[in-house]
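Asks: Read off the chains here:
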Amino acid sequence: MKVDRRGLFRAIVGTGAAFGLALGGCGANNNDSNDAAAGSGGTSGSGGAGSGGANAGSGGAGAQDAKVVMDTFRGWATGVPCKA
Amino acid sequence: MPTLLGDKTSGSLDPSKPSRITRWGGSLTKRPLPEHDETIALLSDEDRRGLCGFWLSRSSGERRVSDSMAVIRDALEKLGEPAPLVDLAERAIDDELRHAQLWHLGAQRFSLDGQGTPAYWPPFVPHYDAPDEVRYRLFVIAECVFNETTASTFLQTCLRLARGPLAVGVLREILSDEIDHGRIGWAFLARLSRPHRDEIQPWLLPMLRAHWNEWTRALHDVPDSYAAHGIPSRADTSEAIVASLREVIVPGLKDQGFATGPIDAWLDDSDR
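These protein sequence lines are chains A and B, in that order.
Read in this note's numbering, the first sequence has 5 at position 5, and its numbers run on one by one without any break.
Read in this note's numbering, the second sequence has 167 at position 167, and its numbers run on one by one without any break.
Among the clues, some could well be false.
What the hints assert, rightly or not - Straight-line Cα separation of at most 25 Å, DMTMM-like style, residue types lysine to aspartate or glutamate; simulated pairs: (1) Lys2(A) to Glu77(B); (2) Lys2(A) to Asp224(B); (3) Lys254(B) to Glu214(B); (4) Lys2(A) to Glu199(B); (5) Lys2(A) to Asp87(B); (6) Lys254(B) to Asp4(A).
No wet-lab data here; the hints were simulated from the structure.
Let the sequences and hints guide you as you build the complete structure.
Replies: Dropping the structure here:
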């Protein structure tokens, strides 16, 4: 049985971490929230959730960026993008 | 070395406050569930009774997780986390109640007489011997980083194997919500400062052991016919639990700057 665990990793870990950084996170190796948001978002969200990570990182902190990240990838489980 | 004192209901956090945010405008599902599932009628009476029992127990479990999500919402609020993150936990309280309803409705379809009531499982909050702020962080990590991530991996396996239209519809609805719930935990971890990560680090292995024990305690031998209706075999369930740790949770912890050497060693130990 083949199950796409990597896709699940990106959907949960990558997108979740990008969301946290977009809200003003500290990042794995940095205590400065702005630097971390710019630098680590892309890494956390690399791969399928990469654009989400990049969005969160380059856009800096902010609830609107976070919402974009979440909306973009919420439909991953069913393959159908959807809005909350 | 941190100490887990066993599981008991916490007196300091209230799991009873209802959610003020709902998904899908208060509807039970995003898409309508199939009105008829002809594959159910093809099952033996014994299989229908057995599947009804499993679906009822999942309903009970989801109801209890709703209480856990109220604890998570309160913990995030007490820690001063931003509103979008708290709101996700707030909505998760209602999500889990919807899930309980979905499993319950499904159980009644499998039931031979259209009846069946899930047992009430009381709230279940782990007690960590640590200062309040650390305990609140551990609650979020245990529930969202560990439990909801493993739930997503498990439901992914269930959905992959499901063939019955009812099971596929229910599993899709629930999996997409659980992914959101796992994200709460990973968002929370990404926001932690280095000193707070250092506080959490020694707790990770004991918490993962408890997590492992809880999930593997629920392993059951089931007839092959159950997988088509959302209840995978012991082997497939076990594979999903291991995969959640090896392929999702541990790599995620590494990405977040946690040391995972002891966890890797424990995972490699066949006697775990």
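Asks: So, against the hints stated earlier in the document, which numbers end up violated here?
Replies: Violated hints (numbers, rising): 1, 4 and 5; every other hint is consistent with the structure.
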